[in-house]
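Peer 1: Using the hints provided, position chains U and H relative to the given structure of chain D.
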Amino acid sequence: MTLEVAFLFLQQGVASGLIIGSVYALLALAIVVIFKTSEVPNFSQGEMVMAAAYIALYLLVFRSLPLWIVMPATILLAFAGAALFRRLILNQVARANGSPVNLVIATLGLSYVLRGFVRQTGFGDTPRSFPPVIEPESILIGQASVTTLDLVILATAIIVMAAFFWMFKYTKIGRAMRAVGMNPKAAQLVGVDLTRIHMIVWGLSGAISAVAALLISPKVLMTADMGSIVTLGFAAAIVGGFTSLPGAVVGGFLIGIIENLVGLFVASRAIVLAPFLAIMLVLVIRPQGLFGGRVEIKKV
Amino acid sequence: MADYLLQVEDLTVKFGGLTAVNRFNIAVQRGTIHALIGPNGAGKSTTFNCISRFYQPTTGRILLDGVDVTNMPASRMAGLGVARTFQNLELFGELTVFENVMIGAHVHAGKTWGDALSACPASVVDHVERLLERTGLSAYRNACARNLDFGHQKLLELARALAIRPRLLLLDEPAAGLRNREIAALDALLTDLCNREGITILLVEHVMQLVMAISHKVTVLNFGTKIAEGTPEEVRNDSSVIEAYLGQEMINA
Amino acid sequence: MSDKAAAMLSRSEASPPARWTARSNVSPARIGLLALTTAVLIFLPFVVTGYVLYIANLLLVFVVLCLGLHLVIGETGQFALAHAAFYGIGIYTSGLAGNAFGWPFPMSMLLAGLIAGAVGVVIGAVALCMRDIYLALATFAFGEALQWVFLNWDKVTGGPNGLRISPARLGTLEILSDKQAYPVVAITTLLMLLLTILISRSRLGRSFRAVRESEVAAMAMGIPVRRAKVTAFGLSAFYAGVAGSMFATFSTYIHPDSLGFQTTILVLTMVVVGGLGSIAGAVGGAVVFGLISEFLRQTPSYQEIIYGLILIVFMMYAPRGLFAFIHDKAGRVFRG
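Residue numbers (our numbering), protein chains in the order written: chain D, 1 to 300; chain U, 1001 to 1253; chain H, 2001 to 2336.
There's no promise every hint is true.
Claimed, not checked - Residues of chain H clear of chain D, computed beta-carbon distances all greater than 10 Å: (1) Asn2099; (2) Trp2103; (3) Met2107; (4) Ala2127; (5) Ala2136; (6) Leu2137; (7) Val2288; (8) Arg2320; (9) Ile2326.
As the list claims (entries may be wrong) - Interface residues of chain U toward chain H, partial, derived using beta-carbon atoms under 10 Å: (10) Phe1054; (11) Met1077; (12) Asn1100; (13) Gly1104; (14) Asp1126.
Stated by the list, open to error - Listed next, the stretches of chain H that the computed footprint assigns to chain D, with coverage defined by at least 3 CB atoms under 8 Å from CB atoms of chain D: (15) 2145-2156; (16) 2290-2303.
FYI, nobody ran anything at the bench for these hints, they're computed from the structure.
We put the beta carbon where it would ideally sit given N, CA and C, even for glycine.
In isolation and in its complexed conformation, chain D is listed as follows (with noise of 0.2 Å):
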C-alpha cells in the first residue's frame, strides 16, 4: 500500500466513520441516559430501534403518508411507548423488589416481544428496504466520496444532539434528570418526582432511537434483527464510559472511525471484531472508560 492509497483509504475511513458514528453516537447517548438515571443497561433499546424503523416504514410505504407526518408520528410513538414501558411494567418490576439485575431480564423480555411481534405482522419475514428520504448523490470531500444523505444523516444528529445537550444542561426537566442521576434520594428530596423523571428519561431515549431509526434505516436492509446495530452503540458507550453523557457522543465517532478503518486497512470481515476489541482494550486499561469519573474507595 503507498502512501497515497494510506492517505485516500484515511480520509475515506474518517469520513465514513464520522458518519455512521454519528448514529452510534445517538444509540450510545439513548443507552447512556437510561443507565445514568437508573442503572438500568437497556437491552431492548435495539428493538426500539428495530420496532421504530417499522412503525415508520408501516405509515411510510402502507399507509402512504407523507414524510412531514411520518417522522414526528415516529418519535412520537417511540416516546410514548417506551415511557409506557417504564411506568407500566418496569415501575412494577422495581417494586417486586428482586435482583437488581430483573429490571435487565424485563428489558430482555421488551426485545423479545417486539421482535416476536413484528415478524408476526409479516414486515419482519422479507428484508425490506426503506424508501430514501432523499435522492442520494456523491459528493467529494477532499478525497473521500460521501453522498447527500450520509450528510443528512451526519447533520441530523448532530443537531438532534446538540438540542439534547441543551434540554439536559439548561431546562428544568434536564437539571431534575441530572440529579436523579447523582442521588436519586436526594433528589425525591427535594421534591423530584421520580417516576415522572424516569418516564421522560425512557420515552426521551425511544425518542432518540427512533431519529437514529430514521436516519439508519435507509442505509440498511430491514429486518427483524436489524436492533442488532445498538451493539455499537453499547461500544460507544462502554468506551466512552457508560455514565458519560460527552462520552458518549465521542465514543459513537470513534467506533464508527475505528470500524472503518479496520474494514478499510484491515479486512472487511474484521469490522465486525473491531468494536469488541476496542472495548475489551478500553475496560483493561481504563476500566471506568475514556470519560467515566474516578473510581471510588469504598468507605468502610
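Peer 2: Below, chains U and H alone, put in the same frame as chain D:
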C-alpha cells in the same frame, strides 16, 4: 519493657491534598483494652482502616507482634489473628446467622483443595455453636442476618469476628446505636473476652460510657494528630481533650 | 461470661417467628427432590421415544450450563456474560479431539472442561477487576469476539459451514443415537449436580456467598476476594465446557450460530426465572424454560412473544423466581 501486640509508627494518610492522619503513633499492650477516641473527623476510622489493612497509609509502619504488616493484603489479616467489625454493619445479609459465623471461621476450615470441598471439621462447627450461645444468638441460628434487629446484628458481627479466634480484635464503634442495657452487656462481654481469653482489643468509640468503663488505656486523636494518651482518668482530666470535645460527652461521662 | 450478661444480650428469649427462618441445609424435601430427579432420569429412556430423548439430552445440557452460571452469578454474584463462549470452547474441543485422535469421550469431556476452565481463569483474572456493568460488558465483548473466532477460523472450526464431528466412542462402543447418548448425558448431569451441591455446602461455596453479600466483610474474614471470584468464574467455565462436550456426544454437526450472546442470555434467563441463588432454581429453570421454548419452536414469532411475556410477567410478579413463588404460595395455603 512493655509487651506490645500492635505498634503503629509515624502513620500518615493523605487523601489527595487532605492529610487525614499525621505522624500518628500508637502502641497497644498485649491483653489490654485500648480505646481510640476523638471528635468526628479526627482520623480515627482512617487509622483503624489502615491497621486492618483496608486503607494503605501514605507513610509509616504497622507492626503486629513485631512483624511488619504494612503491605499485607487485608484478606491475610484474619489468618494472622486480626479480626475487625464495621462501623456501618457489613453482614452477609441474605445468609443465615449460623452461616455468617461459619464464614468467620473460614481461616480455620483448612487450606487445601480437599478441605475447600469437604464439610467443615466438627471442632470448627462446635466453636461456632458455642459463640452463638455465648452471644445469645442461638435462637436465631437459622434466621436471615438482615432480618435481625439492630442490636442482634451488632452482636452477630462480633460473633463473626470472634470466629476468627483473634489475638487482636478491632472494633469500629461497637456501641453506636445500642441501648443502655445493651451497652452494659457489651461492656461485660468485652471485659470477659480480654480477662479470660487474653484477647487484645482496640476500639474506636464515641460512647464514653463504654470507653471509660472498660479501657485500660485511651488515646485521643484530633485533626489527625494525637493530643493525649493515658488511663481513662488521666484523659478525662486532660485540658486539651476537654477543649477538643468542648466539654460535651466528657462532662457527662 | 456471666449468665446475667448473656440474658441481657439477647433481647428476647422466645424463638424467632417462622418467616425469619431461612431454608435449612438438609431438609427431607430437598433429599426427596434429588431422589425424584434421579428416578425420573433413570426411568425416562424406558418410557419415551427417541425424539423425546433428544429433547431430554438437550435439556440436560442446559441444566449443566445453568449450574455453571449459578456458581458465578447465583453464588458469587458476579454478572459474567460469556457463558456461550465457554460452551463453544467445550463443543469444539470435544469435537476436534474426537475427530483428530478418536479419544474416548470421558477423556475429551474432561479436556473440554479443563480447557474452557483454563480460558475462564485467564479471562476472569483480567475481567474480574471490574464490577457490575463493566464486568458484564467486558465478558460480553469477550463472548462476541470468541464467536467471531468460531465463525472465521475456517481451518479449525469449519467457519460458517460448520463442522462435522465423528461419533463419540469408548473402546469399541460408538454413540450413534440419542438413546445411546442419554445414559452418558444423564450420568454426567448427575455428577455435575452433585459437585454443585458439594461446592455449595463447602467452605468454597461459603466463601463465594460471602463475596456476593459483602466484599469488604469477606476480606475481613480472610477470604481473598479476587481469587474467590476467579475460582468461581473458572468453575463456571469448566461447567460450560463439560456441557459443550455433552452436546457433542449426541450431535454430528457443530455450527457457531448458537454460540453467541443469545445463548448466554437464554441460560441467564433460565437461572433468573428459576430463582437466582438456588440450585433447584437453576435446574428447574433450565427444565421448565427449555420445555417451553421447545414447545414453541414451530412458531418462531409466537415463541418470541410468549417467551418475552413470560420474562416480563415473572420479573413483575415473581421476582425471586419460580421456586420461591411456588414456595410462598404453597406456604400461604398451608398457613390458611
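Peer 1: A separate judgement is required for each hint: does it hold in the structure or not?
Peer 2: Here is what the structure says about each hint:
1. Asn2099: About 25 Å separates Asn2099(H) from the closest Cβ of chain D, which puts it past 10 Å; holds.
2. Trp2103: Answer for Trp2103(H): holds, closest chain D Cβ roughly 31 Å.
3. Met2107: 33 Å, holds
4. Ala2127: Per Cβ check, Ala2127(H) is inside 10 Å of chain D; nearest 8 Å; violated.
5. Ala2136: 7 Å, violated
6. Leu2137: 5 Å, violated
7. Val2288: At about 15 Å from chain D, Val2288(H) clears the 10 Å cut-off, so the statement holds.
8. Arg2320: 5 Å, violated
9. Ile2326: 15 Å, holds
10. Phe1054: Where the cut-off is 10 Å and the nearest Cβ of chain H is about 7 Å from Phe1054(U), the hint holds.
11. Met1077: Holds, because the Cβ-Cβ distance from Met1077(U) to chain H comes to roughly 7 Å (cut-off 10 Å).
12. Asn1100: 9 Å, holds
13. Gly1104: 6 Å, holds
14. Asp1126: At about 16 Å, which exceeds the 10 Å cut-off, the nearest Cβ of chain H leaves the hint on Asp1126(U) violated.
15. 2145-2156: holds (count 3)
16. 2290-2303: holds (count 4)
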